[in-house]
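> Residue strings, one per chain:
2 protein chains.
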Amino acid sequence: MDSCVTAAIAVQECDEIAALHVSYGQRTEARELQAFEQITDFYRIERRLATDISHLAQIGGSSLTDSRIEVSKADLEMKEIPTSYVPFRNAHLLSIAVSWAEVIEFNRIYIGAVEEDSSGYPDCRPEFYEVFNRLIEVGTKPETQIRIVTPVIHLKKSEIVLRGVELGAPLHLSWSCYRETEIACGDCDSCALRLRGFQQAGLIDPIPYKKRE
Amino acid sequence: MDSCVTAAIAVQECDEIAALHVSYGQRTEARELQAFEQITDFYRIERRLATDISHLAQIGGSSLTDSRIEVSKADLEMKEIPTSYVPFRNAHLLSIAVSWAEVIEFNRIYIGAVEEDSSGYPDCRPEFYEVFNRLIEVGTKPETQIRIVTPVIHLKKSEIVLRGVELGAPLHLSWSCYRETEIACGDCDSCALRLRGFQQAGLIDPIPYKKRE
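Taken in sequence, the protein lines are chains A and B.
Read left to right, the first sequence gives residues 209 to 421 (my numbering).
Read left to right, the second sequence gives residues 209 to 421 (my numbering).
FYI, nobody ran anything at the bench for these hints, they're computed from the structure.
All figures in this text were calculated on a predicted structure; none of them were measured in a lab.
Where a beta carbon is used, it is the ideal one built from N, C-alpha and C, also for glycine.
Heads up, a few of these hints could be off.
Unchecked claim - Over the 10 Å line for every Cβ pair with chain B, so calculated as not near, a few chain A residues:
{"#": "1", "residue": "R252"}
{"#": "2", "residue": "D260"}
{"#": "3", "residue": "D283"}
{"#": "4", "residue": "E285"}
{"#": "5", "residue": "F340"}
{"#": "6", "residue": "Q408"}
{"#": "7", "residue": "G410"}
{"#": "8", "residue": "I412"}
{"#": "9", "residue": "K418"}
Claimed, not checked - Some chain A residues close to chain B (C-beta under 7 Å, calculated; not the full set):
{"#": "10", "residue": "S231"}
{"#": "11", "residue": "H263"}
{"#": "12", "residue": "G269"}
{"#": "13", "residue": "A299"}
{"#": "14", "residue": "L301"}
{"#": "15", "residue": "S307"}
{"#": "16", "residue": "V311"}
{"#": "17", "residue": "P330"}
{"#": "18", "residue": "D331"}
{"#": "19", "residue": "P334"}
{"#": "20", "residue": "F336"}
{"#": "21", "residue": "V339"}
{"#": "22", "residue": "V346"}
{"#": "23", "residue": "G347"}
Build out the structure end to end from the sequences listed, making use of the hints.
Shown next as structure tokens:
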């Protein structure tokens, strides 16, 4: 959902769009790839790159990529980093985006990271993106000018929902559940955050759930 | 060669070693993987991870990964970034290493980047590693303590050769050529830098070359 609304914002702000998808051996990777294809179809984005870094699953250490670790029931009050944290994942996504952007000479990378109303992943904090912007400056050609844009990072989930609706983002095509691929579980961290966002926005989430509470 | 000597230094400085290989669709990837296996066998390193980020070849933009761009003859006086630059490559390598290190709870990442006596890649400069260390601090769990170590970054190639010989590093098992996989061309940037290093060290490179000049 965050990526979908971020895409809607990028479509509005940019002349030309290229869409990147990264599978990383997560449980729901086929469903997420389907969402990527449907959302990019919706926006008629032709330039697409679907990549695979399944070594993140080999590395493991996360309930999303290691089937031996259970995807825990949501606990939105918990202050610890949840088991769904995929170690340093967003550095991989951004590295791929930077390499691609440098070659095709694009200058902005939009990513739907969310800080506060989220699971507390360290690689979703604004500082991470500030440092990454500096890394791009020192690690690419002198003429390369790329910066990362995080348009929803300070928004609450309910504000992301409202922004999406306002922009006509195809939220019905997005997928957030960490566990299921046909009917969302309604019970994992990602479902719980999304459902609470819709509820606080006074709206009904258009995707199917096993339970909504 | 730089990686091989860096491995020799790591073996000397650390109690426990894990070795990471990354293929990225470069022309000589099978030969480099062979070198990785032979060098890790030499050091009896059991913990190994061989990964593949061949989307870097899909992205292209480099003579190493795009067969339509010729690997140019060496020009060691050139001040521009050569066509062999693989955009932002080292950020990918380090991201994989950080994810792995965070999961297996290792705290140092050794990488054989060389600044001065090299091809002038932006992601081989000390600043790049300083910023990356900061990125690790902000992008991983609070208890994770990982830092990148670049033991050969300020050395000249001849000093790297001498350091390798001093440590008994298996330089005969290393591979540097960008073009060939059986007999090194002696003509690309990487061969030229390596050959000059051996020459300035007053030693003969043990690997076979088509020409040595």
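> Does each hint hold? Answer for all of them.
Right, here's what the structure says about each hint:
1. R252: Answer for A:R252: holds, closest chain B Cβ roughly 22 Å.
2. D260: It is violated; A:D260 is separated from chain B by about 7 Å at its closest Cβ, not greater than 10 Å.
3. D283: Holds, since 18 Å exceeds 10 Å.
4. E285: Per Cβ check, A:E285 is outside 10 Å of chain B; nearest 19 Å; holds.
5. F340: Label violated. Min Cβ-Cβ 6 Å, cutoff 10 Å.
6. Q408: 29 Å, holds
7. G410: 35 Å, holds
8. I412: It holds; A:I412 is separated from chain B by about 35 Å at its closest Cβ, greater than 10 Å.
9. K418: 31 Å, holds
10. S231: For A:S231, the interface hint is violated, since the closest Cβ of chain B sits about 11 Å away, which is over 7 Å.
11. H263: 4 Å, holds
12. G269: 3 Å, holds
13. A299: For A:A299, the interface hint holds, since the closest Cβ of chain B sits about 4 Å away, which is under 7 Å.
14. L301: It is violated, given that the least Cβ distance between A:L301 and chain B is near 9 Å, above 7 Å.
15. S307: Since the shortest Cβ distance to chain B is 4 Å, the answer is holds.
16. V311: 3 Å, holds
17. P330: 5 Å, holds
18. D331: Check passed: Cβ of A:D331 comes within 4 Å of chain B, closer than 7 Å.
19. P334: 9 Å, violated
20. F336: Constraint on A:F336 satisfied, holds at 5 Å.
21. V339: 5 Å, holds
22. V346: 5 Å, holds
23. G347: 4 Å, holds
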